[in-house]
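Sequence lines, in order, name chains A, B, C and D. Just so you know, we're using the UniProt record's numbering here: the first sequence kicks off at 1 and counts up by one. Just so you know, we're using the UniProt record's numbering here: the second sequence kicks off at 1 and counts up by one. Just so you know, we're using the UniProt record's numbering here: the third sequence kicks off at 1 and counts up by one. Just so you know, we're using the UniProt record's numbering here: the fourth sequence kicks off at 1 and counts up by one.
Nothing false has been slipped in among the hints.
Note that identical chains are pooled: a pair holds if it fits in a single copy or bridges any two copies.
Quick list of in silico lysine to any residue cross-link-like pairs, SDA-like style, CA-CA up to 25 Å:
| # | residue 1 | residue 2 |
| --- | --- | --- |
| 1 | 259 | 19 |
| 2 | 259 | 63 |
| 3 | 138 | 283 |
| 4 | 259 | 186 |
| 5 | 259 | 42 |
| 6 | 125 | 79 |
| 7 | 125 | 291 |
Think of the hints as simulated: they come from the structure by calculation, not from any bench.
4 protein chains.
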Amino acid sequence: MNRTAPVCKLGHVQLATPDIDASLRFFRDLVGLDVVGEDDGRVYLRAWNEVDHHSLVLREGPTGVDHFALRASSAAHLDALAVDLRAHGIAVDEVAAGAELGQGDAIRFVSPQGHPWEVYWEMAKGRQDSHLLNQRGKAYLRGSSPMHLDHINIACVDPAAGEAFLADRLGFLRREYVQPTDGPVFASWMSVTSQIHDIAIAMDPPPSLRDGRLHHISYIHQDRSDVLRAGEIMRDAEVQIDLAPGKHGISQAFFLYVKDPGSGHRVELFAGGMHVFDPDWEPVRWDETNIETGMVWVGPDFLPGSGGPMDPTTPCLPEADPAGRPAAGVAATEAGR
Amino acid sequence: MNRTAPVCKLGHVQLATPDIDASLRFFRDLVGLDVVGEDDGRVYLRAWNEVDHHSLVLREGPTGVDHFALRASSAAHLDALAVDLRAHGIAVDEVAAGAELGQGDAIRFVSPQGHPWEVYWEMAKGRQDSHLLNQRGKAYLRGSSPMHLDHINIACVDPAAGEAFLADRLGFLRREYVQPTDGPVFASWMSVTSQIHDIAIAMDPPPSLRDGRLHHISYIHQDRSDVLRAGEIMRDAEVQIDLAPGKHGISQAFFLYVKDPGSGHRVELFAGGMHVFDPDWEPVRWDETNIETGMVWVGPDFLPGSGGPMDPTTPCLPEADPAGRPAAGVAATEAGR
Amino acid sequence: MNRTAPVCKLGHVQLATPDIDASLRFFRDLVGLDVVGEDDGRVYLRAWNEVDHHSLVLREGPTGVDHFALRASSAAHLDALAVDLRAHGIAVDEVAAGAELGQGDAIRFVSPQGHPWEVYWEMAKGRQDSHLLNQRGKAYLRGSSPMHLDHINIACVDPAAGEAFLADRLGFLRREYVQPTDGPVFASWMSVTSQIHDIAIAMDPPPSLRDGRLHHISYIHQDRSDVLRAGEIMRDAEVQIDLAPGKHGISQAFFLYVKDPGSGHRVELFAGGMHVFDPDWEPVRWDETNIETGMVWVGPDFLPGSGGPMDPTTPCLPEADPAGRPAAGVAATEAGR
Amino acid sequence: MNRTAPVCKLGHVQLATPDIDASLRFFRDLVGLDVVGEDDGRVYLRAWNEVDHHSLVLREGPTGVDHFALRASSAAHLDALAVDLRAHGIAVDEVAAGAELGQGDAIRFVSPQGHPWEVYWEMAKGRQDSHLLNQRGKAYLRGSSPMHLDHINIACVDPAAGEAFLADRLGFLRREYVQPTDGPVFASWMSVTSQIHDIAIAMDPPPSLRDGRLHHISYIHQDRSDVLRAGEIMRDAEVQIDLAPGKHGISQAFFLYVKDPGSGHRVELFAGGMHVFDPDWEPVRWDETNIETGMVWVGPDFLPGSGGPMDPTTPCLPEADPAGRPAAGVAATEAGR
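Full structure from sequences and hints, please.
Following this line, the structure appears as structure tokens:
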């Protein structure tokens with residue numbers, strides 16, 4: 001873990017979807033998240049082993065990402081982060097407590113790579129629905145039934161610059177990365193927790209090659225069998241399976257990638273992964289000699305940029321949605337929401 | 001398999017429950033069966049990988065079993081069975097097609113051990129809900145989500161006599177049995193299929209020691225992880241878990257025993273088991289030297305008759321006389337339902 | 001099950017391998033079979049939940065299959081089968097008891113599709129190594145550790161003719177099959193047991209298009225997790241994985257296909273599958289509208305004949321003529337081994 | 001995680017065993033650890049997903065624990081820890097680099113609760129045996145095959161005092177604890193990592209009620225199915241299973257407890273568990289109203305101190321073994337109990 005990071009974990013994601021009913025059917029009935037609240041047309045959901053009030057917010061609108069929300073390491077860290085970001089030329093919006101259910105004061109900003117972030121400190125704890133004291137939701141009522149939101153995988157034009165922003169401003173540490181012998185960093189798996197990654201940032205492959213894209217959000221399950229179960233659920237519900245099942249080399253995650261039929265956002269349903277407990281962890285470098293093993297250790301072949309279903313990514317800030325479109329006036333637009 | 005048996009498989013079970021709503025919540029929402037029909041206050045359910053229209057019928061009434069239904073090996077076998085039973089002094093009722101949803105002509109009778117049986121040949125196939133052609137229901141929508149009804153475990157005063165009835169009249173073959181060195185048969189696992197058992201019949205342990213009892217009905221799951229999942233579901237729903245999880249030695253089944261909160265009937269949610277493909281299979285005899293291993297190979301200690309939660313069994317015919325044997329008019333009562 | 005079939009199950013397979021040490025390392029150390037005997041340079045192996053002495057025999061020689069061995073339904077069935085085969089023009093060799101460890105008198109013949117068969121009745125039971133009375137070997141000592149040999153998948157030029165031979169001479173029943181709307185049968189899954197298949201027979205895809213080929217032999221595991229475990233074992237041992245993991249639609253088997261590095265024979269390590277208990281089971285027909293679902297329900301894309309790693313098959317009789325059909329003297333050759 | 005802790009993780013454990021061959025058979029052949037080195041009669045082992053050279057050292061001698069080894073957070077932290085311990089009256093021995101294979105300079109001390117600790121900073125990385133770059137050992141070659149050493153569970157007379165030592169001197173944070181309404185702390189689950197516990201410390205139950213005891217060491221597996229697999233392996237090897245399988249409420253770990261036949265030390269083979277990423281995590285308090293749920297959420301009943309097989313614990317520092325006793329200052333401390 002990064003003992004000096006301004007943020008302590010990935011908390012939640014707010015997604016915009018053109019068909020919120022279809023997205024709800026997907027996330028609630030097939031993935032198995034619980035709906036825990038609604039306001040202003042937004043629906044809040046959580047997985048069963050999460051501490052916080054919610055990990056996913058759905059909003060109706062053109063496919064996009066309103067924000068990836070990180071929890072600050074303390075109230076003081078939150079304040080210091082705003083100062084630091086502004087000192088580095090990032091426009092920061094302040095969002096009052098209550099702007100989202102359960103959430104205290106927060107800040108929002110768009111990274112140089114075009115990704116919209118939110119950072120908060122205070123968050124209501126989730127309702128105690130389980131009879132098990134250290135678990136808030138009931139497990140396995142419906143769907144694949146993940147434990148908690150785990151990580152996001154985002155794309156941009158220059159991953160090295162994106163990695164530097166995440167490291168220098170937010171305290172994320174590089175755990176594994178892909179860099180060919182004579183080339184630039186292609187992708188990086190980073191964390192502020194002991195998880196092998198809270199965020200992966202990779203090159204948006206040609207022909208897209210754009211900033212501000214989301215590759216997938218990921219929920220972790222208790223067991224690999226839950227992911228296999230997800231495969232049968234998704235197939236029979238005619239949900240698009242992009243790649244599955246298999247075990248990544250990088251991150252050692254057992255994966256199933258599907259697309260939310262309502263929004264087109266890709267979601268990874270996974271189990272396993274690794275943890276890093278050594279402060280002097282040496283990031284694992286993958287290159288052209290072993291990238292195939294890194295991408296998939298056991299399972300279907302997959303190389304990014306090969307034109308398959310894993311390639312296209314969704315924009316965070318859709319062009320077609322003036323309200324959601326960053327440009328010169330990103331901060332202003334953001335504030336106007 | 002028994003190549004000359006009058007019956008080919010266990011088809012379904014009709015249970016009476018004093019609280020049909022509670023039983024429905026259990027079987028539909030927690031076990032995950034699909035409701036496929038209703039008539040005359042009865043609710044029909046099935047598991048996702050069953051061929052037939054239903055495997056469970058719930059009827060409101062004092063806790064009991066209306067019948068265990070076996071499928072005949074052919075229409076001719078059904079006719080011959082009725083003749084054979086009557087020739088052996090068993091009262092046989094004839095039930096017209098349509099008395100149960102999807103079912104053709106059937107016969108009903110009570111065995112000398114006080115268990116109510118139904119045998120049918122024609123049965124409607126289940127509705128094709130899955131996009132997978134050889135699977136009728138959708139898997140894993142809710143609950144532990146078993147594949148199909150697997151077996152029943154019934155109790156009586158004299159298991160050897162009960163075994164003889166099942167063998168001589170219905171064609172069941174002994175696969176495994178418990179018999180102490182100098183004692184009578186205590187329990188027997190029998191089948192007409194390749195399954196290690198379609199029916200187990202055992203001594204109803206003291207102080208009950210009555211005929212006509214049900215120990216449990218059992219649904220089989222695709223994977224042992226489904227049974228573990230069931231444990232968490234049942235625990236958080238405050239369903240009584242009698243014993244679990246573990247792997248039996250006898251039958252090699254991975255088990256979880258719970259009680260339907262509506263009726264008190266015990267249900268085994270299991271995975272695994274064995275199959276017998278050799279016509280000269282020598283029944284495995286368990287005795288006092290290895291019965292503990294036979295009862296549980298890995299898991300919680302359990303010996304029948306030890307007074308734990310696994311002991312009490314539900315009566316099949318609640319109106320039966322105090323000795324546990326159905327009165328003379330049982331068949332008539334049955335027919336009059 | 002087929003109540004009148006001359007044979008009752010698939011018993012074992014004898015494979016020829018050019019590198020018996022490499023094949024032993026694969027089957028013993030990575031798959032986890034136990035070596036239970038040796039004679040004349042042959043090595044006998046078994047899986048932990050098999051009744052018989054062995055399920056696999058390895059012999060050093062050019063890659064091939066010496067025989068697929070079926071157990072007769074009785075001694076009388078064995079005798080009658082020899083008469084029937086000869087009456088239909090099949091050359092039958094008689095093999096004396098003791099020609100293979102533990103085996104009684106047997107017959108051998110080559111089918112019109114060029115596959116070498118053996119049928120026996122008497123077979124020694126396996127040594128009791130487990131402390132669990134109904135299980136002969138110890139489970140999970142090494143490797144993926146399957147329960148038992150499950151089925152074989154063989155290829156030929158005319159699957160309809162091959163299916164007819166298996167049905168008419170040996171009693172196998174069609175359970176599922178692939179037949180395009182206006183085309184011939186492409187593949188058939190058949191069984192004499194309740195298993196959805198003991199044998200699959202399919203067209204050897206172009207450009208091979210030869211008779212007498214083996215697509216794979218298959219061992220079944222207790223749990224899908226064992227198959228996932230196999231994937232990691234095989235990958236790190238540099239064993240070629242042809243396709244995995246995934247769940248077939250047809251047969252509903254959870255699969256991993258690998259190649260024995262010693263012989264090139266393909267082996268399926270699988271879990272799950274289905275059972276057929278109804279005597280009037282209507283074979284499931286798959287055609288061009290659903291064959292993709294039939295091939296793989298969840299997992300990597302695969303269509304036979306598409307030129308991928310799943311296509312090539314090994315010859316059973318390497319000395320066969322260029323057309324792939326064994327010459328007239330094949331039976332003699334077989335007898336002379 | 002504790003951002004200011006002197007130590008960063010549990011690194012390894014050195015156990016004394018009266019029958020090192022039996023212990024090796026257990027840890028190597030049945031658990032599946034790899035032997036990675038030997039010196040001075042000690043054998044070093046590791047699990048497949050560990051970074052460090054070893055996680056277990058076996059030494060022949062009366063049953064005991066030579067040390068629980070923690071990795072310091074840095075070289076400077078190691079030095080500061082020695083100073084701090086001495087300032088608080090703890091005798092600290094300095095151990096030169098090379099005293100154990102792969103290890104740099106280290107310190108050793110006995111806690112006021114009688115547990116022997118070692119803290120080191122430098123440790124050789126494990127040999128790269130796997131073809132997967134971020135995994136050093138090959139997975140699943142033998143036995144249940146855990147990923148890594150996970151935690152220890154130790155016992156003493158006064159858990160509150162033991163908890164205070166671990167918190168104040170070593171930086172462990174309380175994550176969950178048991179404290180009856182009007183009673184003292186009975187047990188505490190603590191960590192310096194994000195794991196729900198790296199160390200649990202509990203009351204040594206009557207009639208033992210002694211300091212300096214080990215309840216169990218624990219290895220974590222990739223999947224719950226690995227733990228089920230362990231159950232069958234251990235049962236057939238006649239290894240004593242103390243409790244299993246089941247899921248704890250506290251820690252949410254899926255467990256199997258067995259005894260090393262060579263030493264009598266208890267080992268937990270488990271999967272699952274929880275992680276804590278919030279710096280303001282409020283420790284979960286369990287009391288007399290929910291302790292049964294806390295002990296076992298799904299599985300066999302278990303309450304500590306109830307006299308079952310889970311009660312007895314092994315001593316860390318056997319009085320009868322001079323070779324296993326720490327150096328002069330430690331022995332004095334020990335003697336002073």
